[in-house]
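S.K.: Given the coordinates of chain Z, assemble chain B onto it according to the supplied hints.
Chains as they are written, first to last, in the numbering used here: chain Z, 1 to 521; chain B, 1001 to 1724.
None of these hints come from the bench; they were simulated from the model. Predicted, not measured: the structure shown is a model, and the values here were computed from it. Warning: the hint list may mix true and false statements.
Claimed, not checked - Part of the chain Z face toward chain B, derived, beta carbon under 8 Å:
1. Pro134
2. Glu164
3. Ala165
4. Asn168
5. Pro186
6. Ser301
7. Gly303
8. Ser482
9. Trp485
10. Thr488
What the hints assert, rightly or not - Once the Cα atoms are required to be at most 30 Å apart in a straight line, the calculated DSSO-like pairs of lysine-lysine come out as:
11. Z:Lys376 <-> B:Lys1688
12. Z:Lys190 <-> B:Lys1447
13. B:Lys1070 <-> Z:Lys232
14. B:Lys1427 <-> Z:Lys376
15. B:Lys1101 <-> B:Lys1427
16. Z:Lys378 <-> B:Lys1554
17. B:Lys1688 <-> Z:Lys230
18. B:Lys1447 <-> B:Lys1152
19. B:Lys1070 <-> B:Lys1593
For each residue, glycine too, the CB sits at the ideal point set by N, CA and C.
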Amino acid sequence: MRLLGFFSLLLGALAAFGERMGLALPTARWFFNVSREVPFLKITGSDFPWFGWLCAALMILGGLAMIVRSFTSGPRNPITARRMKRFCEIKRGYYSLLILLALGGIAMLDQALVGKRALAVSYEGKWIFPAFMPRDLKNKDFGVTGATAEAPADYRKLKRDWKEAKENRVIMPLIPYDPTGDTLPPRSKKLTERDGIYYEGSSRKPYWGLVAKYYDVAEGKIQLRYTMRKGKQTGAADGWDATGKPVYNAEYQDGEAVSERYNGEGIKEDFFDQETSDLRAVKYHPAPPIPEEGNWLGTTSQGYDVLAYLYGGLQVNFKAALIYLPIVYLIGITFGMMMGYFGGWFDLVSQRLIEIFSNVPFLFIVIIFSSMVPEKFKGLPIILTILILFGWMGMTYLMRTAAYRDKERDYISAAKILGASTPRILFRHLLPNTISIIVTLVPFTMSGLVSSLTSLDYLGFGLPPEYATWGRLLNDGLSNLSAPWLVTSTFIALVALLVIITFIGEAVREAFDPKKFTYYR
Amino acid sequence: MSRYLTNSLKSGWSVSLQSVQGASRSFVLFVTLLCFLATSCRKETTETARKLEFDAFVPVYNRYIENWLKTQQAETEKEIAKVTTDLATAEGDAKTALEAKAKALQQDQEKWNFRLGLGPYLKFSNPSEMPTDLVWENGMDQPEIGDPRAKKGGVFRRSIPEFPPTLRPFGNNSNHSFRGDLYELIDMKLITFHPETMKLIPGVAREWSSSADKRTIYFRLDPEARYSDGNPVKARDYLISAYVRVSDNLVNPYQKQYFREEIAQIAMYDDLTLSISLPEASVFGPLNAGELTPSSPVFYAEYGPDYDLRYQWRFPPTTAAYEVRPKDIIKGVSITQTRVKNWWAKDRKYYKYRFNPDKLIHTVVRDSNKDFELFRASEIDTSLVTSPELWYEKCEIPPVHEGYIERATFYRRYPRIPRGLYLNLWKKPLDNLDVRIGINHAIHWQKVIDVIFRGDAQRLNSMNEGFVGLSDPLIRARPYSIEAARAAFAKAGYTIEDSDGILKKADGTRLSIALTHRKEPSFERMCSILRQEAKACGLDLRLDGLESTVTYKKAMQKQHEMIFWGWNTDPPVPDFYQLMHSSTAFDETGKPKVDTNNFFTWARADTDSLSEMVRNATTPEDLKNAMQSLQRIIHDEAIFVPGYSVDFARIASWRWVRWPDCEDTRFSPPVTLDPHEMFVYWIDDDIKKETLAARRSGKTFPESTRVFDDYREKAPEKEEGNEP
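In isolation and in its complexed conformation, chain Z is listed as follows (with noise of 0.2 Å):
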């Protein structure tokens, strides 16, 4: 309780400490950033985002209100002390706890982790920290000249061009690519050439497949393009000048050239003569994982870093839990408690409304929503708000029984004689005695979001592509199957993460089990 609320005014201090002083820091910048992309969420005309303010504003007095409480509550319920020893106990649900926790504090380090942007450039002698500055920097303010200077700064260029002067250096996150919005230029592997005969790597067989010669290797522009059987050049080869204007055709047999036509300037030698990379094989999008290019787990067909593009899409997978969970438990508790505690009329007629609601066909008004949304709306709010909306049902039967139980319990009826209003009887009375199912159901909530958001995205009616979805990226490796490490990669990340949050959720359904052995064991 002390730590949660440390760490709520810790995250509420250093999102308002950042607003102030320009800074962009990890996760504590996002509720201003949201504040500011979601037009009800400001104060329009003026700019001022309230909403960030407010968050910040909530979670500084939550996280107060909740270190002083723990040390004015007294000794800790001993009921629940024993639940959390029993949780402790129970190994796998514990451990998955722990990874699930390091997981959320990856995804909370956000930009400093994942992105294009450098961690920190000395230039000229002066630091400068582009990842954690709000405005993108651009690439004359490195001293960068010519077409691409008005642009935003290319890092990961000025990393490959410092390297060899010393005085200036980029420090980049651990994978310097950004989940969307960062198209890589086509990748490129590393040849062999044993007797003639040209390898891929430390591979035994000799390559087949599309080699080219790199003006720029890192920009893929490519100079000549062959097609090689059996490690030698054969069928046809292209050539491009430096503009990238196809100036050269021809048709190779066993690494000699049988016919070729050059008609760009000047001679044709000295189009071969120019300084260019050795041969090396042509990865086009989706590019299997190549480890020299940095690429751990290859790109995506649109040319997205796999990595970082799962590390966007788990954090898309956090922020939709963080939000959903508590709206949806909100709603799901209270309707279901009230349902139990007044029944009679409004029992009868909340049945039938949510009977109403669970037989409304989903899908379909996704897909209505989703063509009806204006796009200005699109986004991950409108997604929660569809699926907050078909959610809630699923708890209230739950907590209408345990209510019905309860009600005519002595505490209750002692609550009532002592003159509690309702509410409070229903949240400080009613609500403590049925955390076991509330808590047991979390977890499994959580999983069925991911795998929801995961579908909905699978079928195209889920988020805008701005966003990182491991349903889209299940969409792009299953009509890729030639392409494994798209789907092996989404695949294993998305069963991993589900095991986990089943295996808390065993763990504590468990722990909160009033008889300590149950069939489960």
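M.R.: Relative to the frame of chain Z, chain B by itself:
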């Protein structure tokens, strides 16, 4: 707005009438009704006997057309009067616009007068009425099509994505994806164009000739032309062809409109001579008039109000090379086309090396991935593998390496599909030229080409590029340039940079444009790249991915700001009228007109007359000038951001499918989207046996990947013959 009223005479020939607006015209309607009542057709049609009923139809339809023309004439007359009075008080731009309108109306009026002067729409005439000074052409001086080595015979197997809902060539549901294979692609028209030289070549007509005013084209049919049932083709069959399509026995609004508005008269002189008149003369008049196909009176003997159902699965006798026999229709599974025995045109110059296989089997395969797998398993003979994934990855399979499957890249010369971003000038800030120019510089198509198309596609340079001899080859699309884009945006007043790098005006207006596109994975990928690169120029592209019908509807309602779109192109000549004419831009209230193809909401007097000129030019020179001026205006006004184009087709085929490789035809004639559609391939059964035996015994052939780049567009600034 025009809508169709159906004459509700209980049993009379009910004929489509254009809706009549205003009290004065209801009189005309009344007169028309009286006319129908006065005819004797009522008695005839109460019978349900199965007869063609053609002779009874002719006077009714002729009268209908005459009345319709008179209505149009009166209406145009009234409009001319209105414009003339308006013109007296108008000044400046409004005056030029009105003058252009008056000119267009005069032209319309002249058209109605000409058509009324022609006499009956369906006319039975005699040879003495033909002009005596006609100069007949036969188009026999063009190169042959196909390879003389082509062998007749064999079976060609391919897949279709869905089974057609009907075999009828017209009527309800007939506009399905398979109709091209059944009709348009193989039909013998009166005359057609040569798919390489674009000159006219004979079809069912052996000779043709234009009248002095170029509006009437005379055709002499080939005396040997036969339907697949052996009956000879007669001139009267072309009149019947019109009848079965326009009568009220079926709902067929587009073709009814076509016959009413695009054709002025169909007349026959004797069994083998007919003429077709067009409302206006144009360069491609003979080609347009020569599009008609005949309809066999024997086949349509049972034609009547239940046509749709009765003829649902009957394949009409055809003059083309392939027919569908009733036993070859396996519903939901496959359709087989069989080569007509002793086809009348089998030795004709332009057809003798085409349509070679004896049978074409089309099997339904709904999943495109499965289609490739079937090809790989040699259940299908060829596969179109133009997409980079198919070409570079899926084709890297043993049958290709071992030479059983041969691959070819064929550069074609087909008009480029105008695919790109269409800017709606009705929406702010797109009304500002500088903003539009900035957008043109801020859209990075080259990166899309490099990443998504693996460098294989080409940048499209202009709207309607690639019409041979017509398009302006000098127009170059504006390249992606951060500097140029920012300079243009600054000129439009977007000078301040927001915290996220997006430009805004001094009053806080952000440079943010919605880009509507179809929600398909590949389009989403392209638009994400465009968005990412536009951001570097300070332009915020809001991606608005919608389901495809919603996308279309949004654009039709002119609710889009910018839309990613591509129109179909059809050689030999493009149409600018529906894209740019002011009549398609705004309605009477000054709001954008809905349900038109003018996605730009573009209206200007000079483009009106130019786009009309493209439709009605009578000399190739006028046509070319008008078209190039329009292309130039589109470029200068930056209302279209040209996207990408793919100017080749890549085909993988099993060894036994042979493609031409001779002097006249290298692989395929160039004016085609898909070389299959030219029917110049053939099946070599000997090679098939050899290949199958080789596969069993493990013998391999050298891998074959050929490039046919005879028609590849060369870099314009480089002279030919500069090869080392």
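S.K.: List in ascending order the numbers of the hints, as given earlier, that are violated by the structure.
M.R.: 2, 3, 4, 9, 10, 11, 13, 18
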